[in-house]
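2 protein chains.
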Amino acid sequence: MPQAQHQSHRFADTLKRLLRRNAGPNIRKILERTHPVDLAGVLGQFIPDDQLRLLSLAGGNTMQAEVVSALSMRMATDLVEQMPLDRAVAIVREMSGDDSADLLGELEETLSAKIIEAMPVEESEEVTELLRYGEATAGGIMSPDVLAIPQDMSASEAILTVQESPDVEMAFYLYVVNDHDSLVGVLSLRQLVTCRPESIIKDIMNPQVVSVKTEEDQEEVARIVSRYDFLAVPVVDDTNRLVGMVTVDDVIDVIREEATEDILKMAGAGDNYDERRSPLRSIWLRAPWLSAALVGGIVASFVITGFEETLARYLPLAAFIPVIIGMAGNVGTQTLAIVVRGLATRKIDVKKFWRVVGSEILVGSVLGILFGVALGAMGFFRFRGDSVADPFLLAVAVGSASAVAMVLAATVAAAIPMLFARLHIDPAVATGPFVTTAVDIIGVIVYFNIVTAIV
Amino acid sequence: MPQAQHQSHRFADTLKRLLRRNAGPNIRKILERTHPVDLAGVLGQFIPDDQLRLLSLAGGNTMQAEVVSALSMRMATDLVEQMPLDRAVAIVREMSGDDSADLLGELEETLSAKIIEAMPVEESEEVTELLRYGEATAGGIMSPDVLAIPQDMSASEAILTVQESPDVEMAFYLYVVNDHDSLVGVLSLRQLVTCRPESIIKDIMNPQVVSVKTEEDQEEVARIVSRYDFLAVPVVDDTNRLVGMVTVDDVIDVIREEATEDILKMAGAGDNYDERRSPLRSIWLRAPWLSAALVGGIVASFVITGFEETLARYLPLAAFIPVIIGMAGNVGTQTLAIVVRGLATRKIDVKKFWRVVGSEILVGSVLGILFGVALGAMGFFRFRGDSVADPFLLAVAVGSASAVAMVLAATVAAAIPMLFARLHIDPAVATGPFVTTAVDIIGVIVYFNIVTAIV
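So the sequence lines, in the order shown, correspond to chains H and E.
Note that the first sequence covers residues 0 to 454 in numbering that gives the first Met the number 0.
Note that the second sequence covers residues 0 to 454 in numbering that gives the first Met the number 0.
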């Protein structure tokens, strides 16, 4: 049964109590009825020694391997690094091909080499093969345990083959290959069950099979799977030889990860989320974007210094600096979120530069005029008491500066990610360094130039 | 074959050329080999009349229904509203239960009522039943076409049942029910094929079946499916009666949507992405957050006015306003992104308030001190020429103001979403109005108070 968060707290408390009492058999009984994912979900609340004890009470190597697969990568590596070597080998061998390769790729190198050495040749070859692919490619996320059916088999023989291959991941599609192991078709398990037993696979398969190459970007793989509502997509090498499959559960992970990456990158806070990220690492990831912002802020301060004379004459102008920059910044952030997310979900076509930027300029202009007028009106009441200058002129200056800054902010915030996408640079990165800083500087320049020109 | 973006442009151009030439048979031939999703992907590039023509050339009603299902909701409703009623009815009837209910729920009400009236009673009852569920619930996204197998059937009978129900969506799991239609177990199609034909379903099924209630939030459904790597989850009513299933492809849509919502909400730019959103609607969605920012900016301007005396004496201080606010704002945005995303993906536990906020305060403090010192050093060189005050004191004031503002920004940006999550308010909404504005005001207050106190 799935567990809500409050249930998992209670579950962990029960386990802790039983561990204190050394009640191994009781724990074993509870864990027998527990889904490996649920045990993995609470394991982080225990000290390393207890984590190892709980894992060994969870069942056989297969069950333990499922628990380790469900852990976050950081926890899994920590745990495996504390095990005796033979236990680590036994667990890694029971993990599915893609999960074991991911884990071995992240483990400390000498340990990883020792585990691979201790594996039977066939398995270690498979794993080293997988380790060669880039982490964020189809090869890197695929499972090599794919069921390939020869095209001239009969349906009844194929059913037998399915029955005899318990290790294969989610065999809901059967991929059909020719004599050279080349992918030539696809057949759903459903179709196989529904057709007459003597039918030849070649005649009932769908030859229009969609596949991806091993080096295909994982985001593109996710897009194909979700666009066509596939449960899995076969992976082929350069010679169209079937080498694995990416299943929809891995695609879900990719989609989640990419969304998290986009959000964190846009905020200049690194590119992945790790609940156990050390403060030092967090600082290291965040400092570069803050440095960029600092440089931008210092440029802005030089701009203001250049207009010190204007400022000295009309001191109340200083009070409007934050609101002018703030409004421009907010419009910029809105535009950026819309454009970056639209590009990521392919709702925005990279080629329609002017259509996208034009529409954002239009929206920015209306918002700019609206809020510029509001701010100008506020300014008028603010300046009315002062005698140094015409309050109406000052109000016009503040209002129009705000409007212009907002329009420019919207333009920059739409244009930069569109340009980045065209140059095949991730548009989500565009925010941190470029847009936020650019908008601050633009705001100050526009404000003081307009004010100086008008009054 | 899946199409990359450049291919889809070429595809649309070909169709346009053939339409101009009135080459119906040629179009029909091309569309026969086209995946409905791919036709749906380019349909937006045609005028309404041509959209209808292309749709009718796409094949039978089933094929046309698949194309309509793959369109964005806006395009689908526009298209159906232009069809003759009988054609609309024919297409809606061929759509899968969940898709037709979604469409009917969005269509203009009188048209929707007419279509439902024209459907056979059984189908119209199913659809009206579905329309009763909330849009963002399990009931709202489930498909009612689920295969229920009585528990005392034999495996061979069950296989026959599968073979005779072609309409059922993705039958990879078979859900087992008792005499009262209550869900009692689950069986994969694979298990069914692998067991002996005379086995009784009750004996081979897994009785630990995970299900969700019709009113369960769609985000929770997505979480369960992705947590346990399910391909589908059965939906039951209050009496545990099996009423439908949510498949993994719908879950992917939910995950995508929710991520988009989070990003747009955090930027104060509405909550959904629609490529055909009118500028007016965009302005309407964005204006409230900008109004909140305007109010915040005006409060900040009042704060600065309160310190006009200090400012008049040390005019260069004005130049540092943007950088102080900017640095605080950037740290706040980083913290916010980390906390909001961590909460959304359940990597952050709502209950660990102090652990999360404490860690963000720690990181904020280190970053604050680091960049405060840097800014102070810059300030020292800036102030050195002026004779009005001790440049060292001014530098200390600017640096420490920046550090304090950054720490407070990190604190607020971590605490507000954590509090919102506890109160069951969507933490992503917290950014727009609360945090950005709060941080601006905090920055100004801290800056001028510290400066006045020190110099």
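If you are wondering where the hints come from, they were derived from the structure by calculation, not from laboratory data.
Among the clues, some could well be false.
Any copy will do: because identical chains look the same in the list, a pair fits if it lies in one copy or spans two.
Unchecked claim - The calculated SDA-like cross-link candidates involving lysine to any residue, where the alpha carbons are at most 25 Å apart (straight line), are:
hint	residue 1	residue 2
1	Lys201	Glu163
2	Lys28	Gly305
3	Lys201	Val161
4	Lys28	Pro119
5	Lys113	Gln150
6	Lys350	Asp49
7	Lys351	Asp98
8	Lys351	Asp48
9	Lys212	Gln150
10	Lys212	Arg195
11	Lys113	Asp101
12	Lys28	Leu130
13	Lys201	Phe419
14	Lys201	Gly133
Evaluation of the provided hints:
1. In this assembly of identical chains, the alpha carbons of Lys201 and Glu163 lie at most 25 Å apart whether taken from the same copy (21 Å) or from different copies (23 Å).
2. In this assembly of identical chains, Lys28 and Gly305 lie within 25 Å of each other by CA distance neither inside one copy nor across copies; the values are 76 Å within and 69 Å between.
3. Taking the shortest alpha-carbon separations for Lys201 and Val161, both the intra-copy value of 17 Å and the inter-copy value of 23 Å come in at or below 25 Å.
4. In this assembly of identical chains, the alpha carbons of Lys28 and Pro119 never lie at most 25 Å apart, being 33 Å within a copy and 53 Å across copies at closest.
5. Proximity of Lys113 and Gln150 under a CA criterion of 25 Å is satisfied in neither setting, with 40 Å inside one chain copy and 49 Å between copies.
6. With identical chains, the CA atoms of Lys350 and Asp49 are at most 25 Å apart between copies only, with a shortest distance of 23 Å across copies and 56 Å within one.
7. Taking CA atoms no more than 25 Å apart as the test, Lys351 paired with Asp98 passes in neither setting, with 40 Å inside one copy and 30 Å between copies.
8. When the C-alpha separation of Lys351 and Asp48 is checked against a cutoff of 25 Å, the pair qualifies only between copies, where the shortest distance is 23 Å, while the shortest distance within a copy is 57 Å.
9. Taking CA atoms no more than 25 Å apart as the test, Lys212 paired with Gln150 passes inside one copy only; the shortest distance there is 21 Å, against 43 Å between copies.
10. For the homomeric pair Lys212 and Arg195, neither the shortest alpha-carbon distance inside one copy (33 Å) nor that between copies (38 Å) is at most 25 Å.
11. For the identical chains of this complex, Lys113 and Asp101 are intra-copy neighbours only, at 16 Å inside a copy versus 55 Å across copies, given an alpha-carbon limit of 25 Å.
12. Taking the shortest Cα distances, Lys28 and Leu130 never come within 25 Å of each other, neither inside one copy (37 Å) nor across copies (44 Å).
13. For a Cα distance limit of 25 Å, the shortest separation of Lys201 from Phe419 qualifies neither inside one copy, at 46 Å, nor across copies, at 58 Å.
14. In the homo-oligomer, the alpha carbons of Lys201 and Gly133 never lie at most 25 Å apart, since the shortest distance is 34 Å inside one protomer and 45 Å across protomers.
The structure fails to meet hints 2, 4, 5, 7, 10, 12, 13, 14 from the earlier list, while all remaining hints are met.
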